[in-house]
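Please build the complete structure, drawing on both the sequences and the hints.
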Amino acid sequence: MAWEMVVGLEVHAQLRTRTKIFCGCPTAFGAEPNSQVCPVCMGLPGALPVLNRKVVDYALKVALATNCRVAPVSRFARKNYFYPDLPKGYQISQYELPILEHGWIEVADDAGSPKRIGITRIHLEEDAGKLLHPEVPGADYSLVDLNRACVPLVEIVSEPDIRSPGEASRYVKKLREILVYLGVCDGNMNEGSLRVDANISVRPAGTEAFGTRAEIKNLNSFKFLEQALRYEYERQVDLLETGGEVVQETRLFDSHRGVTVGMRSKEEAHDYRYFPDPDLLPVVIEPGWIDAVRDSLPELPDAKRARFREAYGLSAQDADLLCSSRDLADYFERVAERHGDPKAAANWVMGPVLRQLNRDEAPPLADAPVPPGRLADLLALVRDGTLSNNAAKEVFDEMWATGRPPADLVAEKGLEQITDTSALEAQVDAVLAASPDEVAAYRAGKKKLMGFFVGQVMRATRGKANPQAVNQLLRSKLEGG
Amino acid sequence: MIPDLLDRTARQLRELLDRGEVTSEELVRAYLDRIAAVDPGVNAFITVAGDLALEMARTADARIRRGEAAPLTGIPLGLKDLLVTRGLRTTCGSRMLAEFVPPYDGTVVARLRDAGAVLLGKLNMDEFAMGSSNETSAFGPVRNPWDPDRVPGGSSGGSAAAVAAREVVAALGSDTGGSIRQPAALCGVVGLKPTYGRVSRYGLVAFASSLDQIGPLTRDVADAALLLTAISGKDPLDATSLDRPVPDYAARLRADPRGLRVGVPREYFVDGLDPEVEAAVRGAIGLLEDNGAEVVEVSLPHTEYAVATYYLIAPAEASSNLARYDGVKYGLRVAGRDLADTYRKTRAQGFGAEVKRRIMLGTYALSAGYYDAYYLRAQRVRTLIARDFRAAFERVDVLACPATPTPAFRLGEKAGDPLQMYLNDIFTIPANLAGLPAVSVPCGLTSGGLPIGLQFMAAPFGEQTLLDAAHAYERVRGEPVAYPDPASTA
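Here the protein sequences come in this chain order: A and B. Read in the numbering used here, the first sequence has 238 at position 238, and its numbers run on one by one without any break. Read in the numbering used here, the second sequence has 1398 at position 398, and its numbers run on one by one without any break.
Rather than coming from a laboratory, the hints here were simulated on the basis of the structure. Just to be clear, a hint being listed does not mean it is correct.
What the hints assert, rightly or not - Lysine-lysine pairs mimicking DSS-like chemistry, simulated, CA-CA at most 25 Å apart:
(1) A/K217 to A/K266
(2) A/K130 to B/K1329
(3) A/K130 to A/K115
(4) A/K174 to A/K217
(5) A/K79 to A/K54
(6) A/K174 to A/K223
(7) B/K1234 to A/K54
(8) A/K79 to B/K1356
(9) B/K1329 to B/K1356
(10) B/K1345 to A/K130
(11) A/K79 to B/K1329
(12) B/K1345 to A/K79
(13) A/K217 to A/K173
As the list claims (entries may be wrong) - Reference excerpt, derived from the structure (chain B facing chain A, CB under 7 Å, subset only):
(14) V1084
(15) L1088
(16) G1106
(17) L1204
(18) A1239
(19) S1320
(20) Y1364
(21) A1368
To be verified - If we take Cβ atoms under 8 Å as the criterion, some of the chain B residues that face chain A in the derived model are:
(22) L1097
(23) R1201
(24) S1209
(25) L1237
(26) D1238
(27) V1270
(28) L1273
(29) H1302
(30) E1304
(31) R1324
(32) V1328
(33) L1332
(34) T1383
Don't be surprised by glycine CBs; every beta carbon is placed ideally from N, CA and C.
Dropping the structure here:
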């Protein structure tokens, strides 16, 4: 029998507000453990949460970018459970009345056609702290770092619209791209800024009813997400085909072994005893608030890609690459605008610039040693024939290393091309005089020898001769003579 | 020393301090002596902060000499031991927090410090404010200064007893279902619960967040008004505090009951109401009428559901609020063989029986499958109760009724019967459910010499009207019932 995979994803994304969702502590990564804490995020007796309005601003941006409906009134609720990384013994989340509902984003299905993946709801919540298990043999304790406690999260719950590991992965990539474009999340899966849980079931292809699902936790890379779904699909299909049954449970992905393992069954599931948090007022969103956020919304990746194709005549592939980050796209546009030739700008940004950026210690593009204006200046030198393409690449690397403007480097290194025909003529004549056999052979029809002559002239000029000018001179002397 | 110094109200002391007839330090020493003499019998204090108080007094005296005194500068106060005080242990009457020293001040405490008030110490209470007799405290019961065999009420029993026994000029308590007004009534002092949102809860250790409110316990109504002004107002650290102007309540007090429309809710005069309490309260209302108030009977039909509603909502919120006491971060930790065992042992040994009872009640009420039938329905009834009050306040300015069904009962009398204990709050709970301001004022003694409390309630943010009515009653009542004199052990 043919089986079909049915997947819905829960994506948790940390919002990069400067301060936490319910107190004024900073959210920055990498600080000393428990250095970014206060009575509120430590859950001290008597402390109370107060909502950071910036978090709502961010949620509204997400709403507009994912076609969600904004609830005019939403509520925070307490999700009650005990865990050492949860200082209050409950997590402040949203339950019955989430802030956003009924959205969708478009991703490519496995055949490459566009497909809408529905978003059931998006709600706000606070992150928990982090447990540190000391790597000391025999250690019988763990440590708690509460710097992350109370950092704002959005949980984005998709409809069970996803049908393959590839689709799942593309959906998360698309979401991540949107969140990063919006500037609300850094999208860093290694540091846990973006975490994914997957609900997966299988059913006979062509049927409607859902099978029993398993929830897989802890999928912190695209690779793991796809691996886990593939494994779990096989596991469930095997079970069903051998007369077994899938049980509803929570499973953990073991990335070392590439398998999912049972964590707790439905019966063992927590009763979170949700109820509205009496310490926080309902979140009331007036239409004016949404309008203000809409005005501050950046161009989103899909729209930008379409514009790049149309306005700059770029291929879909080039537009995709250039739009892979907002910074890169902005950089390209500034080079293209100043230089006036978008194709040349695109080739340079996708080539030498990306190569530099992909190095290990590359600075973020915003701090690049070659700002877009300088690159455009360099391209102008290529266009007016001052520099050969190869020489320009050399200059570019030098600019990147030193942060100096192109004109200085070109003058210093004497890299200007020789395009002056009179200056080249002597060199050409010398080469032809030194190679009478080759000249004769060329004239007898061995046209391929043109390359040889050009190479000789280039060598004699140490590469500074303009190849077009050399070609032209050689041709007129060999054929016209 | 000035005679009767310990009998003076905060306002009277203000004059003495400003005129230099007494210093705050002298005052604090007099109170510390009084505490040393009577508190071994009363047990109103969990922590006496003598050195801190003297230091604060000297600072206050310097400020007074500079002519920069605020109304409470130099006045010795006590705080219920669930108001978080930086550097001064805050126990909530529980073994769980017996050694807990907070690293921060709650908003109200910070305001009192800024005002130059002197903190004498932290006052006994029912554990985590759960109780009506102060018998659930891990630090031993408080004894009623009027009769050491009787309870002072609760949960702010230490606050009420300390004011009655003249161990402090005034105190702050908290009121979730009557925890200020009921002990105030049983100890013969004034106890005010402000409108929900009038006073910041930041730094008030939560029992039931949608009901808790901090308020003063004082010798008279004007002192309550004075303290209310000092602690009220919007706080950016408490989202449920409301941004309403804070008047100088004491300065604007009116003493004339003429024109005051007083509603008498018939549902508050029921079977089980002690005849002497009923007589005293009806007498007090009659006195107001004789002096020009307009008295009408009103009905609050959903009153009979208030106690049941309260005992779903308050424990539900408490079950969540008290989850943080898990032995991981602060407070008691009883190590077990693994994490779950540590949780179990810590909470088993850290909490007393009443707290456990309420955590279980609340956990049950919030459980999957029961939430709608219990918690959600209770919230709906709560709305109906608030609606009763709204309708009543379209006709009257204040409601007048007994604060408690009986005077102070004996220690141990109800300790084994939670339901009887819960019913002692039958008249105070509705104001919490509706978020209303309410006050208890002494209105006489029983034949056995026990205080009786008259309760007024007003519409939300009607504190001025409420205090006017209570103040007017106080004036027509005449000078106070005497102070009790608990046995001095000195």
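Each hint, compared with the structure:
In summary, the hint linking A/K217 to A/K266 is supported, as the alpha carbons are separated by about 15 Å, within the 25 Å threshold. The hinted pair formed by A/K130 and B/K1329 meets the criterion: a straight-line CA distance of about 14 Å does not exceed 25 Å. Pair hint A/K130 plus A/K115 does not hold up; C-alpha atoms about 37 Å apart against a cutoff of 25 Å. Simply put, A/K174 and A/K217 have alpha-carbon atoms about 20 Å apart, close enough for the 25 Å limit, and the pair holds.
For the hint linking A/K79 to A/K54, the alpha-carbon distance of about 23 Å falls within 25 Å, and the restraint holds. The hinted pair formed by A/K174 and A/K223 meets the criterion: a straight-line CA distance of about 15 Å does not exceed 25 Å. Proximity of B/K1234 to A/K54 is assessed by CA-CA distance (about 21 Å); at most 25 Å being required, the pair is judged to hold. Only pairs whose Cα atoms come within 25 Å are accepted, and A/K79 paired with B/K1356 is accepted, the gap being roughly 20 Å.
Distance hint between B/K1329 and B/K1356 is fulfilled; the C-alpha atoms sit about 20 Å from each other, no more than 25 Å. In summary, the hint linking B/K1345 to A/K130 is supported, as the alpha carbons are separated by about 24 Å, within the 25 Å threshold. Between A/K79 and B/K1329 the CA atoms are separated by roughly 20 Å; this keeps the pair inside 25 Å, and the hint holds. For the proposed pair B/K1345 and A/K79, the alpha carbon gap of about 23 Å is at most 25 Å, so the pair holds.
Restraint check for A/K217 and A/K173: the C-alpha separation of about 18 Å stays at or below 25 Å, so the hint holds. The beta carbon of B/V1084 comes within 4 Å of a beta carbon in chain A, closer than 7 Å, and the hint placing it at the interface holds. Residue-level restraint check for B/L1088 is violated (minimum Cβ-Cβ distance to chain A is 13 Å; threshold 7 Å). Interface hint status for B/G1106: upheld, as the beta-carbon distance to the closest one in chain A is roughly 6 Å, under 7 Å.
Among the interface hints, the one on B/L1204 holds; its C-beta lies about 6 Å from the nearest C-beta in chain A, closer than the 7 Å criterion. Hint on B/A1239 holds. Least Cβ distance to chain A is approximately 5 Å, under the 7 Å limit. Using the Cβ-Cβ criterion of 7 Å, the hint placing B/S1320 at the interface with chain A is satisfied: the shortest such distance is roughly 5 Å. Interface restraint check for B/Y1364: the shortest CB-CB distance to chain A comes to about 10 Å, outside 7 Å, so the restraint is violated.
Interface hint status for B/A1368: upheld, as the beta-carbon distance to the closest one in chain A is roughly 5 Å, under 7 Å. Because the closest C-beta pair between B/L1097 and chain A is about 7 Å apart, less than 8 Å, the hint holds. With 8 Å as the threshold, the beta carbon of B/R1201 comes within range of chain A, its nearest partner Cβ sitting at about 6 Å, so the hint holds. Because the smallest distance between the Cβ of B/S1209 and any Cβ of chain A comes to about 4 Å, under 8 Å, the interface hint for this residue holds.
Contact between B/L1237 and chain A, as hinted, is supported at the beta carbon level, the nearest pair being about 6 Å apart and thus within 8 Å. Because the smallest distance between the Cβ of B/D1238 and any Cβ of chain A comes to about 5 Å, under 8 Å, the interface hint for this residue holds. Given the 8 Å rule on beta carbons, the hint for B/V1270 is violated: about 30 Å separates it from the nearest Cβ of chain A. A distance limit of 8 Å between C-beta atoms decides the matter here; for B/L1273 the minimum to chain A is near 32 Å, and the interface restraint is violated.
This hint is violated: B/H1302 has a C-beta 21 Å from the nearest C-beta of chain A, more than the 8 Å allowed. Interface hint at B/E1304: violated, since its Cβ lies 24 Å from the closest Cβ of chain A, which is beyond the 8 Å cut-off. At a threshold of 8 Å, the smallest CB-CB gap from B/R1324 to chain A is about 5 Å, leaving the interface hint in force. The interface hint given for B/V1328 is met, as the beta carbon of that residue sits about 5 Å from the closest beta carbon of chain A, less than 8 Å.
A hinted interface residue such as B/L1332 counts as satisfied when its beta carbon comes closer than 8 Å to some beta carbon of chain A; here the least separation is about 13 Å, so the hint is violated. The interface hint given for B/T1383 is broken, as the beta carbon of that residue sits about 14 Å from the closest beta carbon of chain A, more than 8 Å.
Comparing the model with each earlier hint shows violations of hints 3, 15, 20, 27, 28, 29, 30, 33 and 34; every other hint is respected.
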